[in-house]
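**Q** Each chain, written out:
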Amino acid sequence: MDLNEFVAHFAEQFDETDASVFTPETRFREIDEWSSLIGLSVIAMVDEEYDVALKGDDVKNSNTILDLYNIVSSKL
Amino acid sequence: MAFLDIKNVRIAGIAAGVPKNIASNLHPEPEDNVSADYAPEDFVATTGVEERRISTTLCASDLCYGAAEKLIADLGWDKQEIEGILFVSQTPDYILPATACILQDRLGLSKECYATDMSIGCSGWLYGLSSLAALVSTGGIKKALLMVGDAKARVKGKRNPLFGSSGTVTALEYAEGAKGLQFHMGTDGSGFDAIITPDGGARNQITPESFNEYEFEGKMVHRLQSRMKGMDVFSFGITTAPKSIKKLAEHFGFDYQDADYLVLHQANMKMNDFIVKKLKFDTAKVPTSLRYFANTNGASIPVTIVTQLKDKLNGIAKFLCCGFGVGLSWGSLYFESDPEMVISQLVEMDDSETSAYVV
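Read top to bottom, the protein sequences are chains A and B.
Numbering-wise, the numbering used here puts 70 at position 70 of the first sequence, and it's gapless, one number per residue.
Just add 1000 to wherever you are in the second sequence, counting from 1, and you've got the numbering used here.
By construction, these hints were calculated from the structure, which means they are not laboratory data.
Heads up, a few of these hints could be off.
Stated by the list, open to error - Calculated cross-link-like contacts (lysine-lysine; reagent style DSSO-like; alpha-carbon spacing at most 27 Å):
hint, chain 1, residue 1, chain 2, residue 2
1, B, K1246, A, K75
2, B, K1246, A, K60
3, B, K1246, B, K1219
4, A, K60, B, K1229
5, B, K1285, A, K60
6, B, K1247, B, K1270
7, A, K55, B, K1278
8, B, K1278, A, K60
In this text, all values refer to a predicted model and were calculated from it rather than measured experimentally.
Taking the hints into account, I'd like the entire structure generated from these sequences.
**A** See the structure below:
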């Protein structure tokens, strides 16, 4: 599982925020466009790309994209 | 693996009743519990729910009763031949007795009638159908009615803009030699609190504090109202529904892509779109009733069949259905409708319809 690829997939869930904004350290819930609906898109993306079923708490307890990447990695 | 192959039974007909009264999510009223985070247009675009049928007076059993009278007339059934009612709902008339008992008398059915309720949610049509079909397949009961619906809430409170009211009836008939119905059923009780009404059962008895509002996922609710962990339920739905459908097809040896219709529980558009995409299923064969009837809980599959497919069916149609939700619980079904299967015109009921079964 590649971190840069995960960040790119994560960024694709946003319509208005430029992809260049996203790094592993990005605190995604502080992005203006972030919403619970984008949270659902992230869950769907992780299911589709990595075949991992995230819980709501996995998203809520993650601050950075790296945090979420580590959770997905641990469930692979 | 809970695979069920229930032969010698056919679905004779399906009907649905809804309140006449329409609420619009484009013009929410103060009693609609709409999140302040979204404009009405965005809410509609994302959830796919524009309108819903609601009533301050009609109970689920009233809507099922209206649908049953219509369906029995359309089928030309003699009421004395109907020997079973299974009522599936989260909003029964009373805690006791079972609403199915009231419906036996209200419909004027014989006292030689098997009647009981089942408490389950969005997988309710599948659970109800598998249970009642199994009884009918014995031949001990020749004709029976599955009633699935939810309407007026058990406790007053703000209205959830995702949900609509309905009461459906699916008529089952013993038919020797019929191919019947094939199911895959499943349960994961570790997710018991993903959707839950915390108070009012024996675990947490009702107290004055039960009515105190608190915030849950951005909405104010009280403990006699259901609450949902939205992300958990979404994740559950998109992973479990496709797997269940694939298991069903694999076990019974058919290609699910050959189905004429995939009728999913109408949870929300985003979830269903994703499930359909994962299955790589042709979207033209996936009817939806979300836009005008919202999420009608366990009744959403028959509501979709009645409102979207009534005029399209002719001859034999291959149905693939999947319901999933509170429990957590799910079920998938494959059946072939025969040309004689009746789908009744949607029954729209006025708020003034009353029940005599009031104390």
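**Q** All the hints need checking, so say for each whether the structure fits it.
**A** Each hint, compared with the structure:
{"no.": "1", "hint": "K1246/B / K75/A", "in the structure": "holds, 23 Å"}
{"no.": "2", "hint": "K1246/B / K60/A", "in the structure": "violated, 31 Å"}
{"no.": "3", "hint": "K1246/B / K1219/B", "in the structure": "violated, 36 Å"}
{"no.": "4", "hint": "K60/A / K1229/B", "in the structure": "holds, 12 Å"}
{"no.": "5", "hint": "K1285/B / K60/A", "in the structure": "violated, 36 Å"}
{"no.": "6", "hint": "K1247/B / K1270/B", "in the structure": "holds, 23 Å"}
{"no.": "7", "hint": "K55/A / K1278/B", "in the structure": "holds, 19 Å"}
{"no.": "8", "hint": "K1278/B / K60/A", "in the structure": "holds, 25 Å"}
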